[in-house]
Amino acid sequence: MSVRLFFATDVHGSEACWRKFINSGKHYEADVLILGGDMTGKAVVPIMDNGGGTYTFHMQDVRHDIDGADALAVQQRAIRDHGYYPVVMTPEERNEYTSDPDKLDELFHAQMRRTVEEWVAWADERLAGGDMRCIVCPGNDDRPDIDELLASSSQIELGEGNVIDLPEGYQLASSGWTNLTPWDTPREEEEPLLKARIEGIVAQATVSPERLVFGLHCPPYDTQLDVAPKIDWESLTVQGQDVAHVGSTAVKEVIEQVQPILSLHGHIHESRAAVRIGRTLAINPGSSYVEGTLSGCIIELDGKKKLKRYRLTMG
Amino acid sequence: MATNAPEQTLFVRKASGLVKGWSSGDGFRYSFFSVNLFLAIWSFAYATFIPGGSLFWSIVITAVFIVLEIIVYAGLISAMPRAGGDYVWMTRIFNSPIGFVLAAVGWWFILWLWTPIYADMGVQTTVKPIFRILGLNGAADWLGTRTGIFVASLVVIAIASTLVAVGMKSYAKFQKWAMWIGLAGVIVCGVLLLVTSGSSFKEKFNAAAEKYYGGDKGMLNLQKYQTDESGLFVYDDAGALVPVEGETYSGAFQATEAIGAGTGMPTSTFAGGFSWATWTLIPFMLFWMAWPNWGATLYGEVRGAKDFRKNIYMMLGGLLVPTAISLAFLGLMTWKVGYQAFMGTMAAFWWGISPIGGDYISPTAMISWIVPNAAFQVILVGAISLLLFGWFGTLFLSSTRMIFASAFDRILPEAAARVTSGGVPVVALVLMTIPSIIMAALYAYTPIDADSGVTVVKLFTYDATLAIIIMFLGSALAFMVMRWRAKAIWDSSSLPKSGIAGIPWMSIIAAVYSAFLVFNLYLFIKDAIYGVNNSKSAIFMAVLYVAALVIWLIAWVTRKRQGMALETVAKEIPVE
Chain A
0 MSVRLFFATD VHGSEACWRK FINSGKHYEA DVLILGGDMT GKAVVPIMDN GGGTYTFHMQ
60 DVRHDIDGAD ALAVQQRAIR DHGYYPVVMT PEERNEYTSD PDKLDELFHA QMRRTVEEWV
120 AWADERLAGG DMRCIVCPGN DDRPDIDELL ASSSQIELGE GNVIDLPEGY QLASSGWTNL
180 TPWDTPREEE EPLLKARIEG IVAQATVSPE RLVFGLHCPP YDTQLDVAPK IDWESLTVQG
240 QDVAHVGSTA VKEVIEQVQP ILSLHGHIHE SRAAVRIGRT LAINPGSSYV EGTLSGCIIE
300 LDGKKKLKRY RLTMG
Chain B
0 MATNAPEQTL FVRKASGLVK GWSSGDGFRY SFFSVNLFLA IWSFAYATFI PGGSLFWSIV
60 ITAVFIVLEI IVYAGLISAM PRAGGDYVWM TRIFNSPIGF VLAAVGWWFI LWLWTPIYAD
120 MGVQTTVKPI FRILGLNGAA DWLGTRTGIF VASLVVIAIA STLVAVGMKS YAKFQKWAMW
180 IGLAGVIVCG VLLLVTSGSS FKEKFNAAAE KYYGGDKGML NLQKYQTDES GLFVYDDAGA
240 LVPVEGETYS GAFQATEAIG AGTGMPTSTF AGGFSWATWT LIPFMLFWMA WPNWGATLYG
300 EVRGAKDFRK NIYMMLGGLL VPTAISLAFL GLMTWKVGYQ AFMGTMAAFW WGISPIGGDY
360 ISPTAMISWI VPNAAFQVIL VGAISLLLFG WFGTLFLSST RMIFASAFDR ILPEAAARVT
420 SGGVPVVALV LMTIPSIIMA ALYAYTPIDA DSGVTVVKLF TYDATLAIII MFLGSALAFM
480 VMRWRAKAIW DSSSLPKSGI AGIPWMSIIA AVYSAFLVFN LYLFIKDAIY GVNNSKSAIF
540 MAVLYVAALV IWLIAWVTRK RQGMALETVA KEIPVE
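Chain order of the listed sequences is A and B. Note that numbering that gives the first Met the number 0 has the first sequence beginning at 0, numbered continuously upward. Note that numbering that gives the first Met the number 0 has the second sequence beginning at 0, numbered continuously upward.
It is possible that some hints are incorrect.
[To be verified] Heads up, simulated DSSO-like pairs for lysine-lysine below, C-alpha to C-alpha not over 27 Å straight-line: (1) A/Lys305 - B/Lys309; (2) A/Lys307 - B/Lys559; (3) B/Lys570 - A/Lys25; (4) B/Lys496 - B/Lys305; (5) B/Lys535 - B/Lys525; (6) B/Lys309 - B/Lys496; (7) A/Lys25 - B/Lys486; (8) B/Lys172 - A/Lys25; (9) B/Lys559 - A/Lys304; (10) B/Lys201 - B/Lys216; (11) B/Lys496 - B/Lys559; (12) A/Lys25 - A/Lys303; (13) B/Lys216 - B/Lys203; (14) B/Lys559 - A/Lys303; (15) B/Lys172 - B/Lys305; (16) B/Lys203 - B/Lys223; (17) B/Lys309 - A/Lys307; (18) B/Lys570 - B/Lys486.
[To be verified] If you anchor each label on the Cβ, the simulated ranges turn out as follows: (19) A/Pro191 - B/Thr557: 56 to 62 Å; (20) B/Thr557 - A/Glu190: 28 to 34 Å; (21) B/Pro434 - A/Ala195: 39 to 45 Å; (22) B/Arg484 - A/Glu116: 52 to 58 Å; (23) A/Ser1 - B/Tyr312: 48 to 54 Å; (24) B/Ile499 - A/Ala68: 37 to 43 Å; (25) B/Glu566 - A/Trp121: 23 to 29 Å; (26) A/Asp183 - B/Phe518: 24 to 30 Å; (27) B/Glu6 - A/Arg275: 50 to 56 Å; (28) A/Gly302 - B/Asn532: 53 to 59 Å; (29) A/Thr53 - B/Val549: 40 to 46 Å; (30) A/Gly199 - B/Thr557: 41 to 47 Å; (31) B/Pro446 - A/Lys305: 51 to 57 Å.
[To be verified] Partial chain B-side listing against chain A, Cβ under 8 Å, derived: (32) Thr8; (33) Arg81; (34) Leu182; (35) Lys305; (36) Phe407; (37) Arg484; (38) Ala487; (39) Asp490; (40) Ser491.
Note that these hints are calculated values from the structure, not bench results. Built from N, CA and C at the ideal position, the CB exists for glycine as well.
Turn these sequences into a full structure, and let the hints steer you where they fit.
Structural data, given as structure tokens:
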């Protein structure tokens with residue numbers, strides 16, 4: 000029997016993309032859904048409470064004035080679909096968040112936790128009673144405490160650090176950790192440490208390479224999956240037109256050593272591509288979360304020793 | 000003292016946020032090169048086919064409508080900033096077969112035909128004039144032969160492939176330098192025209208024509224032709240001009256001036272105003288003005304492509320700068336030598352009566368002749384030619400992205416998206432170059448059409464515009480209905496949502512732009528002057544569309560057998 004996987008990644012707080020991900024199994028007739036990391040959003044949109052049931056916020060430099068609770072709810076949902084966290088606040092609260100980084104950090108933390116809790120609840124309800132599997136592994140932008148929220152789900156299986164059995168005797172080894180980035184994100188480390196971490200996870204696998212699937216957030220170094228504009232690590236600005244390979248040498252080395260049948264990646268949104276590394280097919284479906292589109296990939300494993308086919312999707 | 004904190008409208012946390020490869024400046028330059036100055040001046044010649052129309056006003060009217068095109072494409076790019084452009088938008092908003100067929104013909108197949116067109120123009124406007132200045136008349140004449148055009152096409156293919164192979168980053172760098180050097184040459188031309196009197200220009204023109212084509216070279220043709228009482232040329236029963244025996248014009252410029260008058264060109268570029276004749280010039284103007292969105296398949300790789308206004312500025316600059324330069328050039332030439340004489344330089348070539356050995360009277364060359372120094376002339380023509388050569392990469396670059404996108408969607412095999420370790424899209428390039436070589440051979444070697452005097456495939460020149468306009472129409476209609484057919488994408492976009500009677504202004508703009516394209520398609524089909532309303536052209540176009548449809552059907556059947564529903568690739572996953 001063949002096994003059909005649907006893989007997506009880097010939804011970054013987009014509620015539309017999360018819901019699409021959960022619904023994608025039915026849409027693509029997948030047996031297993033895999034989310035490859037970076038669930039949480041990057042920005043909070045302050046919605047100013049002007050009093051009298053009116054509100055104001057800015058989205059992509061456009062000012063929006065809202066009148067009434069219903070309109071507010073619609074706009075909050077639109078902001079969440081975009082991957083941002085809408086927070087109603089007073090001008091005084093906004094000023095506090097602006098001047099106090101710790102308070103702003105607490106706000107982000109609370110928003111991320113609350114959103115993941117809501118997402119998990121929605122997924123539990125939506126996937127209940129079905130036989131479709133759903134595996135979610137956080138990414139480098141996701142704080143560690145996200146794991147416990149995912150682990151509390153009745154339907155979602157936590158990928159991070161685990162080897163999970165898939166149908167037909169396949170196994171998935173996952174990690175959301177990456178090599179160092181200029182942003183000092185929660186799950187990143189030096190290449191030797193990353194290599195040891197991945198090797199440690201892979202060592203848990205009990206199947207042969209042709210039955211093993213990697214779900215590693217970070218793409219392998221020097222492939223078409225890891226090309227990004229070169230960035231100055233101090234100013235976090237783009238360096239002219241230069242591009243660079245920013246993937247992990249550790250990930251590349253482990254893939255070359257183990258040669259799993261499939262290796263799924265994300266992290267670099269612009270590097271949507273699929274490449275062969277020896278006998279391994281490595282895929283990064285990219286991400287278009289800002290527009291509410293779920294970039295993904297359907298992969299069909301033949302149940303024996305081959306990867307039957309794959310297809311990048313935009314849903 | 001307390002200070003007010005700045006009014007934050009967005010709080011951003013530290014998280015990995017990578018950006019895209021091209022800057023807005025690169026996007027502007029790509030647009031600028033696509034609305035190419037050489038193509039502009041080349042297209043001025045089409046006004047000689049409709050002398051009753053106003054060239055100036057046709058450019059202005061076309062520019063106004065192309066601004067609508069820019070808004071439509073800026074909107075599409077902003078809502079869906081993806082490599083693949085028109086293909087992606089149409090497949091997502093309509094469906095897979097419509098998107099693939101229109102985009103495959105518009106961004107892939109028809110670009111094969113653009114190859115010999117680029118080559119022909121490069122030879123006539125730049126290479127031949129330089130060869131004449133250098134005295135390489137044998138080589139210049141050979142370039143005018145069928146084999147010469149074919150070989151020139153191969154050179155264009157080599158240049159275009161190289162510019163794609165070096166990657167977007169390197170190509171953008173090349174375009175940057177090419178633009179500045181080319182524009183420096185344009186400024187030199189402008190200054191030369193400003194400081195040279197009309198009479199001096201004519202003297203220099205005649206002197207250069209005599210030097211490069213006259214004397215023992217024997218290529219100068221100053222033959223005077225009979226005109227009727229209104230000054231128009233008289234034709235014999237075979238449609239040829241009737242020479243005035245024993246009489247010649249005093250110089251090449253006077254011969255050119257007489258050609259302008261004899262072919263019925265008016266003395267003012269404003270003559271014709273907003274008459275129907277002026278409107279019928281618009282399809283010809285599209286040949287150079289319709290392309291500020293040529294980077295549509297690439298703008299998914301531009302940083303900040305989701306910014307609607309930035310996209311507009313990028314393409315608007317790409318339209319307005321070359322349009323302004325073209326109009327300034329037209330104005331300067333009209334001021335110095337008169338509009339009729341200037342159009343005579345165009346008519347001379349297209350009517351096959353050029354006094355300088357039948358050559359195209361290259362505007363850059365004739366301005367360089369103001370300075371009677373061969374080295375200066377070659378450098379000036381060469382510098383400005385960078386505006387042409389910087390454009391050559393656009394021939395294949397946009398196409399490769401459409402091929403990638405359809406390969407990702409599994410319509411084309413996986414291999415079509417393959418790139419080498421150095422980033423060269425080798426298969427996509429093969430899919431462009433091999434058919435381009437075949438098309439170039441057909442362009443050069445097919446039989447001569449009796450009516451037009453050009454090869455049968457050269458007769459299809461305007462199909463190169465027609466096929467792309469049809470694709471643009473598909474994308475414009477997709478944008479028009481995006482509000483309803485791709486609601487989630489529309490809602491999450493930064494596009495202005497306001498409208499009238501529930502219809503967004505964006506949809507209304509797309510509707511007006513679509514109407515403009517339909518108007519042009521109507522003229523293309525109705526009027527023989529554009530060269531496409533004939534059975535040969537219809538068959539050519541039909542072959543292209545049927546070929547695209549066959550590819551899609553083969554892919555659909557193949558993928559279905561493999562258990563993949565091709566149509567679901569483009570179908571949106573339900574949110575709720």
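Evaluated hints:
1. A/Lys305 - B/Lys309: violated (46 Å)
2. A/Lys307 - B/Lys559: This hinted pair holds, its Cα atoms lying about 14 Å apart.
3. B/Lys570 - A/Lys25: Cα-Cα ~13 Å, so holds.
4. B/Lys496 - B/Lys305: holds (15 Å)
5. B/Lys535 - B/Lys525: Holds, because 15 Å separates the two Cα atoms, which is no more than 27 Å.
6. B/Lys309 - B/Lys496: holds (17 Å)
7. A/Lys25 - B/Lys486: Judged against 27 Å, a Cα distance of about 21 Å means the pair holds.
8. B/Lys172 - A/Lys25: With Cα atoms ~46 Å apart, B/Lys172 and A/Lys25 exceed 27 Å; violated.
9. B/Lys559 - A/Lys304: holds (22 Å)
10. B/Lys201 - B/Lys216: holds (21 Å)
11. B/Lys496 - B/Lys559: violated (39 Å)
12. A/Lys25 - A/Lys303: holds (24 Å)
13. B/Lys216 - B/Lys203: holds (18 Å)
14. B/Lys559 - A/Lys303: Given pair B/Lys559, A/Lys303 holds - Cα atoms ~21 Å apart, limit 27 Å.
15. B/Lys172 - B/Lys305: holds (23 Å)
16. B/Lys203 - B/Lys223: Cα-Cα ~21 Å, so holds.
17. B/Lys309 - A/Lys307: violated (43 Å)
18. B/Lys570 - B/Lys486: The given pair, whose Cα atoms are some 13 Å apart, holds under the 27 Å limit.
19. A/Pro191 - B/Thr557: 56 to 62 Å: The hinted range 56 to 62 Å is violated for A/Pro191 and B/Thr557, with Cβ atoms some 46 Å apart.
20. B/Thr557 - A/Glu190: 28 to 34 Å: violated (42 Å)
21. B/Pro434 - A/Ala195: 39 to 45 Å: Taking Cβ atoms as reference, B/Pro434 and A/Ala195 lie about 51 Å apart, which means the hint is violated.
22. B/Arg484 - A/Glu116: 52 to 58 Å: violated (34 Å)
23. A/Ser1 - B/Tyr312: 48 to 54 Å: holds (50 Å)
24. B/Ile499 - A/Ala68: 37 to 43 Å: Violated: the Cβ-Cβ distance is about 27 Å, outside 37 to 43 Å.
25. B/Glu566 - A/Trp121: 23 to 29 Å: holds (28 Å)
26. A/Asp183 - B/Phe518: 24 to 30 Å: violated (57 Å)
27. B/Glu6 - A/Arg275: 50 to 56 Å: Since B/Glu6 and A/Arg275 have Cβ atoms about 51 Å apart, the given range 50 to 56 Å holds.
28. A/Gly302 - B/Asn532: 53 to 59 Å: Between A/Gly302 and B/Asn532, where Cβ atoms are some 57 Å apart, the hint holds.
29. A/Thr53 - B/Val549: 40 to 46 Å: Since A/Thr53 and B/Val549 have Cβ atoms about 58 Å apart, the given range 40 to 46 Å is violated.
30. A/Gly199 - B/Thr557: 41 to 47 Å: Because 42 Å falls inside the window, the suggested range holds.
31. B/Pro446 - A/Lys305: 51 to 57 Å: Given a distance of about 53 Å, which is inside 51 to 57 Å, the answer is holds.
32. Thr8: holds (4 Å)
33. Arg81: holds (7 Å)
34. Leu182: Violated, because the Cβ-Cβ distance from B/Leu182 to chain A comes to roughly 20 Å (cut-off 8 Å).
35. Lys305: holds (6 Å)
36. Phe407: holds (4 Å)
37. Arg484: This interface hint is violated because 14 Å lies over the 8 Å limit.
38. Ala487: holds (5 Å)
39. Asp490: holds (6 Å)
40. Ser491: Since the shortest Cβ distance to chain A is 4 Å, the answer is holds.
Figure legend: structure checked against the earlier numbered hints; hints not met, in rising order: 1, 8, 11, 17, 19, 20, 21, 22, 24, 26, 29, 34 and 37.
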